[in-house]
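One line per chain: the protein sequences are A and B, in this order.
Take the first sequence: its letters are residues 1 to 532, numbered as in this note's numbering.
Take the second sequence: its letters are residues 1001 to 1175, numbered as in this note's numbering.
Just so you know, the hints here were simulated from the structure itself, not pulled from any lab data.
Note that beta-carbon positions come from the ideal geometry of N, C-alpha and C, so glycine has one too.
One or more hints might be untrue.
Using 20 Å as the maximum straight-line C-alpha spacing, the simulated EDC-like pairs for lysine to aspartate or glutamate come out as follows [to be verified]:
1. 1079/B - 329/A
2. 1162/B - 1113/B
3. 1084/B - 1095/B
4. 1162/B - 482/A
5. 1162/B - 444/A
6. 1042/B - 67/A
7. 1084/B - 329/A
With beta-carbon atoms standing in for the labels, derived distance ranges [stated by the list, open to error]:
8. 1108/B - 149/A: 48 to 54 Å
9. 1040/B - 36/A: 37 to 43 Å
10. 254/A - 1057/B: 49 to 55 Å
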Amino acid sequence: MMTTAVPPAVPGGLPYDDAEMPLALVQGRTRRYVLRIIWTSTAFLVVAGILGLLLRLRQGEVITLGDNFWYAMMTAHGLGAFVAWAGFFLMGVTFWVLMKVGLPIRSFILPEIMYWTMVLGVVGIVLTTLLSGFGGSWVFLYPLPFFSAGQWSDTVTGIFAGSVLLVGVSILAYCAAVLQTCLAPGLKAEKDTLGQRIGLALGFGLLFPSRFRTRRGTIPYPVLPFAVNAVDMFLATLPFAVLLVLNIVQSVNNGFSINVLLAGNLLWAFGHPVVYLLLFPAAAIYYYLIPRYAGRELVAGKAVAVAWLIALTMNVFVWAHHLYMNYPDGANVQQTLGTIMQPTTYALVLPSALSLYSIAATMYRSNFRWNVASKFLVAGIVSWLIAGLQGIINATAVFQDTLHNTLWIVGHFHNMAFLNMGLAIFGAMYAFLPELMGRPWWSERLGSWHLWGTVIGAYGWVACQMIQGLEGAPRRWAVLPDQYLTLTHISLGFLALLVAAQLVFAYNLWTTLRTSPFEDAKAVTVHGGTQP
Amino acid sequence: MGMGIAIGYLTFVALGLIIAFAVLWSTRRGRRDGGQGVAIEKAERAEPWWGVVVLVLLTVLLGITIWQAPWFTENDDPKDVQVKVTGVQFGFLVEPTAVRVGQDVEFNVTSKDVHHAMGLYNPRGQMIMNVEAIPGYTISRSYHFTEPGTYIIRCLEFCGYKHHEMIYPVFQVTA
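So that you can see chain A by itself, here it is in the shape it has in the complex (with noise of 0.2 Å):
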């Protein structure tokens, strides 16, 4: 058995120190709550990642799939992978770090309209794409789902856009139900009043501590990036949702319509932050395991809070470096958006980069425990440094004419999406799940037969991506041209060691579950991992 269960707080150490969590809260509600979203969100993972294979293994022309089931499958795909499986894990285990630094959920209401919304527009997105043939990829740019040539009807536009909402609105609840967490009593605010709360919960405690005071010490590293996301994803999924309900009306009125720019900026005003709907949940979870197994607190200070103030008011002022292409000749707005949101989504990278020297220097000649968990985690910090610098790269208007649109966009996204949050989400299973689930992992090996597997698979398959993008390979081509066949099939080795890394990691899983819980093994601790 291995032990990579999330080690006790140093002792007489961390501010904000958990090792006295009470068993029944651990055991409780909060834990089958937990539990029921990473088994949910993980079968959403099984799902979108099939799709995802079947996706190119039809570019490199092994299987031959109908032009638009391939797009519909892309569509869910899209959606599936990011938000169903990445973004409801996170959201899940958002609470579960939340009540082990001492803010525990305070009532499961929004929660559970979080899990049930989710779940019902997940399905109703299954059913649209993979059934109803509706293949306007997870940006369904307008007018494009009124333009299907004969593929699907209104109507199904209609329920696609109605289940993304849904999405939207777990997302929504998901938001409220953090800030309803976070603004608890928890913080221990020497003036208890609304304001001190939402202050200490987004950092100005750190900024100013002769204002801001608590009675527990600091205010807990991984609460930043939750509070400053529950604001943000409330503030972005507000216009996002106002496209679909636009797009439900066109459905089922067809003299309605959309200004083709409005629509594009509704939408990117949803489709960038919600990237950071996985990244900051992921930073949270390094702020919290990463001084664990580091053996002493964060290094972290002012700077720190300051880059997450940033990051709370640049989040939402960042959408038009989508739309860099879009500057039609005398619409003005559009270009000054674009000369706008490139200096503020480079501010975006001090969030980041400070984020990464804090973890940096944490780990700096510590007594540093790894194990299967820690090097899933340091694996993914190190793809948010090398995807962090694609996203410059990203956030340049001038690179655009070789990039936009082409491989290299997708190639980037995987690398940030699955090689640095997916990584934290594999890290966060390792690490939670013996608490979680009471028993510990079977196969210290075969967790690291996943790691390796994973690692070297998916950056090939990514690196593939990438240099095909620099080559000019376009995006969301069922059949890409010739010249680019040699690395898509290069590509798939590396997904096929991807694939059999999944199927250790789904074989080490079941074992666990078959396994003695810890009290037949009366040896390890929820907390501490010990060894029989």
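The hints should help you fit chain B onto chain A, whose structure is shown.
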């Protein structure tokens, strides 16, 4: 430009990986001294300076690149040829279909139905221009052709189930 982007990117990735490897390697020493041999306060004090370094690098990049954004590089000078490119599911209407080497050509790109994009590839298969085709709007982009041959236009904005077949294969640039 693709090669330049790759070289610049890989340079910074290499630097980052060297630093990351040094941090990971340092944990071996940390294991020997129990993680006690490092000044945490010093690292905390240095953090704002790291932020300043990042800010300066980004400001330099911004100063160099922002003025090269496509909407800044176009001018109102008269061009030798106007080429109208109209996207429609699932093909391009191009008029005229040929230009000569040495001409300044202005492409006026639009769409009749959904979003498309004109990805212009030179005879060696390299993409040299990427212009969005927005229904109801026109984007004008100029290009000075120096290489004769057959250029290809591919659609680079997803436009429906035959998106990958939306290719205009014979835009001629004659000597």
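Now for the hints, and whether the structure bears them out:
{"no.": "1", "hint": "1079/B - 329/A", "in the structure": "holds (16 Å)"}
{"no.": "2", "hint": "1162/B - 1113/B", "in the structure": "holds (14 Å)"}
{"no.": "3", "hint": "1084/B - 1095/B", "in the structure": "holds (5 Å)"}
{"no.": "4", "hint": "1162/B - 482/A", "in the structure": "holds (17 Å)"}
{"no.": "5", "hint": "1162/B - 444/A", "in the structure": "violated (47 Å)"}
{"no.": "6", "hint": "1042/B - 67/A", "in the structure": "violated (59 Å)"}
{"no.": "7", "hint": "1084/B - 329/A", "in the structure": "holds (14 Å)"}
{"no.": "8", "hint": "1108/B - 149/A: 48 to 54 Å", "in the structure": "violated (25 Å)"}
{"no.": "9", "hint": "1040/B - 36/A: 37 to 43 Å", "in the structure": "holds (39 Å)"}
{"no.": "10", "hint": "254/A - 1057/B: 49 to 55 Å", "in the structure": "holds (52 Å)"}
The structure shown violates the earlier hints numbered 5, 6 and 8.
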